[in-house]
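J.: So the sequence lines, in the order shown, correspond to chains Z and S.
Here this note's numbering = 1-based position in the first sequence + 703.
Here this note's numbering = 1-based position in the second sequence + 843.
Among the hints, erroneous ones may be present.
Partial list, derived from the structure: chain Z residues whose beta carbon lies under 8 Å from chain S [what the hints assert, rightly or not]:
#1 Asn776
#2 Asn815
#3 Phe817
#4 Leu828
Lysine to aspartate or glutamate pairs mimicking DMTMM-like chemistry, simulated, CA-CA at most 20 Å apart [unchecked claim]:
#5 S:Lys1123 to Z:Asp801
#6 S:Lys1123 to Z:Glu806
#7 S:Lys1123 to Z:Asp796
#8 Z:Lys884 to Z:Glu806
#9 Z:Lys798 to S:Glu1112
Simulated from the structure, these hints should not be mistaken for lab results.
Even for Gly, the Cβ is constructed at its ideal location relative to N, Cα and C.
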Amino acid sequence: MSIATDPTAGQPVTRSKMQISKTDVAIDVIGMNKWYADFHVLRDIDLRVMRGERIVIAGPSGSGKSTLIRCINRLEEHQQGQIIVNGTELTNDLKRIDEVRREVGMVFQHFNLFPHLTILQNLTLAPIWVRGIPKAEAEATAMHYLNRVKIPEQALKFPGQLSGGQQQRVAIARSLCMQPKIMLFDEPTSALDPEMVKEVLEVMISLAEEGMTMICVTHEMGFARQVANRVIFMDQGQIIEQNEPEAFFSNPQHERTKLFLSQILH
Amino acid sequence: MTDISFVRSEMTGASPAPNPTSGPLVWVRKNLFATPSDTLLTLLGLAFLAWIVPPLYGFLIGRAVPPGGTVEQCRVENVGACWAYIASELDFFVYGFYPAAEYWRVNIVFAMLALLIIPLAMPKAPYKRLNAILFIIAFPIASVILLSGGVFGLRYVPTEQWGGLMVTLIISVVGICLSLPLGIVLALGRQSSMPIIKSICVAFIELIRAVPLITILFMASIMLPLFMPAGVTVDKFLRALVGVTLFSSAYMAEVVRGGMQAIGRGQYEAAAALGLSYWKRMGFIILPQALKHVIPGIVNSFIALFKDTSLVYIVGMKDLLEAVKTKNDAIEWASPTQAITGYIFAAAVFWMFCFSMSRYSQFMERRLNTGHKR
Chain Z
704 MSIATDPTAG QPVTRSKMQI SKTDVAIDVI GMNKWYADFH VLRDIDLRVM
754 RGERIVIAGP SGSGKSTLIR CINRLEEHQQ GQIIVNGTEL TNDLKRIDEV
804 RREVGMVFQH FNLFPHLTIL QNLTLAPIWV RGIPKAEAEA TAMHYLNRVK
854 IPEQALKFPG QLSGGQQQRV AIARSLCMQP KIMLFDEPTS ALDPEMVKEV
904 LEVMISLAEE GMTMICVTHE MGFARQVANR VIFMDQGQII EQNEPEAFFS
954 NPQHERTKLF LSQILH
Chain S
844 MTDISFVRSE MTGASPAPNP TSGPLVWVRK NLFATPSDTL LTLLGLAFLA
894 WIVPPLYGFL IGRAVPPGGT VEQCRVENVG ACWAYIASEL DFFVYGFYPA
944 AEYWRVNIVF AMLALLIIPL AMPKAPYKRL NAILFIIAFP IASVILLSGG
994 VFGLRYVPTE QWGGLMVTLI ISVVGICLSL PLGIVLALGR QSSMPIIKSI
1044 CVAFIELIRA VPLITILFMA SIMLPLFMPA GVTVDKFLRA LVGVTLFSSA
1094 YMAEVVRGGM QAIGRGQYEA AAALGLSYWK RMGFIILPQA LKHVIPGIVN
1144 SFIALFKDTS LVYIVGMKDL LEAVKTKNDA IEWASPTQAI TGYIFAAAVF
1194 WMFCFSMSRY SQFMERRLNT GHKR
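Turn these sequences into a full structure, and let the hints guide you.
T.: Structure follows, in structure tokens:
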């Protein structure tokens, strides 16, 4: 478990641009259930994410939080209920799945960069082969995002030559190159050395400031406090409690939430 | 109580190592005479070399009859290798019963093969795409026309007359070039989520792998014609070629599958999350990594295939080894070391090709290493 750091000490988050739409639904999860064989991992999940929301999902390990966001881009299949992403309902239809994945970026705990490709090739592969963007244009976009995550000088290296924090920033840039409407973060800082957490969180904060719709599974409570507009607490495959971060941290209602917060906020 | 507080005031710079850490003397001391048991092993090794090298030298070079010698020289007491025999029968070893007047056709094919495969194998050589297209499409067509003849005024040479190194190389090159893609397709099929495709691939792989190559070649040469409609014949050479390729592809499929299993789930997921389709995920992300992991296994299969080509004697083809065996009985060169010299020659040719493949695979492994081992 990472330390609850305050990643933005000294640089206040500009919440002005972080507009949340009142009518535009980005993700709608309705009565969703999922089983692994006989094990009921997600139970009656109802979650509506409006465009521009920054949601942090917290909870003990095994609570189903990663599984939930992995259902949103169909890395996992749900058995019951509906998941509608950007107006497309996820079914077995491969075309719809690809449609959703094109618009939903995902950042993994272990980065999952492609080790046999250079950083630049990692960033341009999907734009070229999924979106059909010309190579030169894709490379220009890639360099733009590498600049944004502050490592343009690494473009021609291989992932194995970068530090964990740099790799994770590349992974974020790789998702952004597809110009997604929604970003999913699955414990993006959990596999990082403590010294590298901050550089990754800074990138995520700047994304939030630009109004990206984000769902982050994370234990970075400092990040949740500063960036999220909603914190969701999960346990045993269910949403136990959700609230605005201020109220969530200062006045948790459910016993399980109180216990969890007392364990991680020392 | 001691003071445990410490603050470094100055960083220590890097300094050179106190003793020379490299050089031939250091190497010898470190690798050959480091401990008494190392020294003993080194001395034993030297003794073994002293025991084996002089007689080998004597047989292969010292007492050997060089190319151009006569059969009488080969028949003297205690003679070495009879290289004169190899030199005089070399044409047969390379071309088999191919008509001597048409050797140039085979030579052109050999030259084309070398001219296309060498730049293809060199990572830095330009025009890779053109090179590959020429090799995969133009070269086979040109080779069939040249070797078989029957068109453009070229004399028809039936495959029964092909033989020697030429047959070995044709079967190997075709087998290698076809078994890798076929193996990849089979490996993908075996991993497929579609049950029918999966079952077909599993059945094919398990059936072919469980049967000796000799059996497959027999099947191809004796059984296959029974199933063909009357009047339709498939060339014996072609049948052997198909048999060898299918056999090798089943092994290749399992090698490739092994490589695919070494790829973490995260790679599949990251590729899928970017919206890449199945074939693009496999083609751009999974296979390049999987194949790189199993280069030693792939080359292992290539080498096995190269040597297995000698089994086509079963169906009456005279490959290099069979050509040598045939001439080993030739009465005009009958001498004490005729057969052994023939086998040494065949072994040396096989070794040369297989060792080259092995070295090339090591070169590619080093070159493709992007330092990603976690």
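J.: The structure should be examined with respect to each hint, and the outcome stated for every one.
T.: Hints versus structure:
no. : hint                  : result
1   : Asn776                : holds, 6 Å
2   : Asn815                : holds, 4 Å
3   : Phe817                : holds, 6 Å
4   : Leu828                : holds, 6 Å
5   : S:Lys1123 to Z:Asp801 : holds, 12 Å
6   : S:Lys1123 to Z:Glu806 : holds, 18 Å
7   : S:Lys1123 to Z:Asp796 : holds, 18 Å
8   : Z:Lys884 to Z:Glu806  : holds, 5 Å
9   : Z:Lys798 to S:Glu1112 : holds, 17 Å
Of the numbered hints given earlier, the model fails none.
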